[in-house]
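Trainee: Using the hints, position chains B and C against chain A.
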Amino acid sequence: MKAQDALLGASRMKAWELALWLALLASPLALPTHALIINEIAIVALFAISLDLILGYSGIVSLGHAAFFGLGGYAAGLLAKHISPDPLTGLLLAAVVSALAGALMSLTVLRGNDLTRLMVTLGFALILYELANKLDWLTGGADGLQGVTMGPLLGRFEFDLFGRTAALYSLTVLLLVFLVLRRVVHSPYGATLMAIRDNRLRAMSIGIPVASRLASVYTLAAGIAGMAGALLTQTTGFASLDLFDIHRSADVMLMLVIGGTGWLYGGIFGAAVFKVMQDVLSNITPQYWTFWLGLFLVVLVMVGRERLVRPRSWFARGKTQEAR
Amino acid sequence: MSEREAQTTVLHAQQLVKRFGGITATDHVTLELKKGARHALIGPNGAGKTTLINLLTGVLPPTEGRIVLDGQDITDLPPHLRVQRGMVRTFQINQLFDSLSPLQTLALTVSRQQGLGARWWQKLGRNAQVMARCEQLLERFHLSEVMNQPTRVLPYGKRRLLEIAIALSCEPRVLLLDEPVAGVPAGEREELLQTVAALPADVSVLLIEHDMDLVFSFAKYMTVLVNGAVLTEGEPEAIANDERVKAVYLGHGTEATLEDGHG
Amino acid sequence: MLTILFDGIAYGMLLFILAVGLSVTMGLMNFINLAHGAFAMVGGYITVLLMQRLGLPFLLCLPAAFLGAALIGALLERTLYRPLYHRPHLDQVLFSIGLVFMAIASVDYFIGSTQQILQLPDWLKGRTELGSGAWQLGMGHYRLFIIAVCLALTVVLQFILSRTRFGSRLRASVDDQRVAAGLGINVNQVFLSTFAVGSGLAGLGGALGAEVLGLDPNFPLKFMVYFLIVVAVGGTSSISGPLLAALLLGIADVAGKYYIPKLGAFIVYTLMIVILVWRPQGLFVRQGGK
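Protein chains in written order, with this note's numbering: chain A, 1 to 324; chain B, 1 to 263; chain C, 1 to 290.
Next up, chain A with everything else stripped away, as it sits in the complex:
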């Protein structure tokens, strides 16, 4: 059936994707000296694709996504310090805690216009920052949560000093979450999200329960962001206030924009490009990397986001015009 083929074909895993994932999973073994930065990239990539769910696919502008990143990070750290050093338990707890927070927050995010949403999401992250700061008996305050030592992964793989286990751990979590999210965005559920993003009024008018749909995706995205935060704490042994910082929320948004919103891989490519750029530029102009970042953003927006990113769309546009 023509229609069925068209839809299923678009959502099938392509050859280059398989190659990419194999390469990613092999990278900590192939480039052992870069294992630490690979780990970092995997973690922020996970964070970025969770933001893509709400920003790229559902159209919710959030400047406070780091709230969930930080919640997950601290939850995992506290669990490891006080109850159990098992990484997977910590990961699960972080996901649950952040998802719950997301469910709560989602009630506030549904109302109002873009500015209201921006403020409310930002406000939440700021509140958590302040709370983490003031509840220093629990969180270590400005000094952060120190000495988080993790037990072996799955009871067998110790976290080594070179970060190899850490990188493989993070990459595996990234892959598994990615596969699930891939399913989600190509499903009817995912299509209704995009419908809400494109035209909320029409989405409502075809029977989509907009509020509960957005609440559920916000909860999901929060849980995944929490997992990313947990990974960071677990692989660095440390959780600090800057998990909640505005910079984190802004940086992850930038990564997503660089890589392109609304196609999951945008988060992964954007994270890689951003981290590498940050590394390179920080070495050239250590203090003023923000200037170049700012300039990049200004140019990006002036030129037009769609024109610069998503090289695939260049080809797709060409095809469409021929078909007409």
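Think of the hints as simulated: they come from the structure by calculation, not from any bench.
Everything hinted at is true.
Calculated lysine to aspartate or glutamate pairs in the DMTMM-like style (CA-CA distance at most 20 Å, straight line):
hint, chain 1, residue 1, chain 2, residue 2
1, A, K2, B, E135
2, C, K222, A, D242
3, C, K262, A, D143
Mentor: Relative to chain A, chains B and C alone:
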């Protein structure tokens, strides 16, 4: 009892009032839509026709009055639940999903309609029943050749067809059409008119339209709305001959067409 | 307690002058401009530099701060902001964040990242105490000055808005751009002048606030949240809305930090979220307005 009174009322707007600050956009409007109706809502620009549709569909909350669908009071029911009960509308200005293709749009609508909208683990194209219905609708609305193109690149005529197709893919029992041929070039109106005429007989249709040809060829009953209030209602013959209706259209340039259409 | 109230009012008035430009341009151009704080920073630095390098008296620096920020605002509006008015909000957020980053890094590079100390003229230093005991009111002279200047500005703004031709053109453009243009109002000019004045006011606020709020390259980011709170809570369809919101915010912040220092800014953020959830369009929305 007249023939009309004997029919079942599917949608009943009872004394609907809508005020915005000092303006009364809808003034104690009562409207009964019968089962299988071909009911037209006409009136000069600014009469409040679209506002009434917005009230009926729940996009706007009424200041006063009640709305009853199939005997159930839906006045406080949120818009998406009214759609799930079978009341569907089209928009005067196309409300489409620009980044999605017609196929994706219809697939998601049909999936939602069949209760599959919340399925997150199954791929959109997997369900054969849904896909078959989509192919059917794409054929019917001449959208098959463009079914994989993002809606934003489609020409206006196709977009308008998609607008109506979306509404039909919701399997409506009550269909509210808001100026379906608005802005459609004369050559493409026929397609749309035929599709509107070919709607199943048990679907109750309320049509807002300015094109008097379409109105008189389609409608079996008409309500005339002026300044937010019902001026009169009745069968097309009676409306066309009504002096008050003619007076209202005087100066709007449609008086001549009113007579032509009726003839 | 009265002193707290007084300090809170001073802080609130200052926030109002800083944020009113943002509120008007948001209402007028529907543009989320997160770089607004940068204009305030510019005003502050102009004042500090003029005083330190050229020895200009404080009072002269204030109009200089206004003009400097206004000119830069006009230039940027014409060249960079104007093409972006119809872009989605996300693009505007990204763009203005980019501008802020560039501004902060530039100031850091050219002037350095240390806090700037502003030397107030002698007649502004000092304090007057009224009453006694629980009802004692301690008024810092500088804060009195701030309140006076801001009050005067507010009156002038309200006058311009409601009594002048420019004001009515502005209000028409806010209500409906297309109709205003159709009436022959040069909407581009209205945008340009409004943006310039708004930025100028921010610059003036930055100059006035340098002593009270501190001045360093991170000023725009530190205080951006407060400006946005004023706009989000106060709404964009009037001047009185942001004024009341700013006063509320100022008093809440000062009182909160004094009475419950452990929680500090937490109170303000929570209050904001509660208000925005209760009234998503802001506390003071005009009936039938935006």
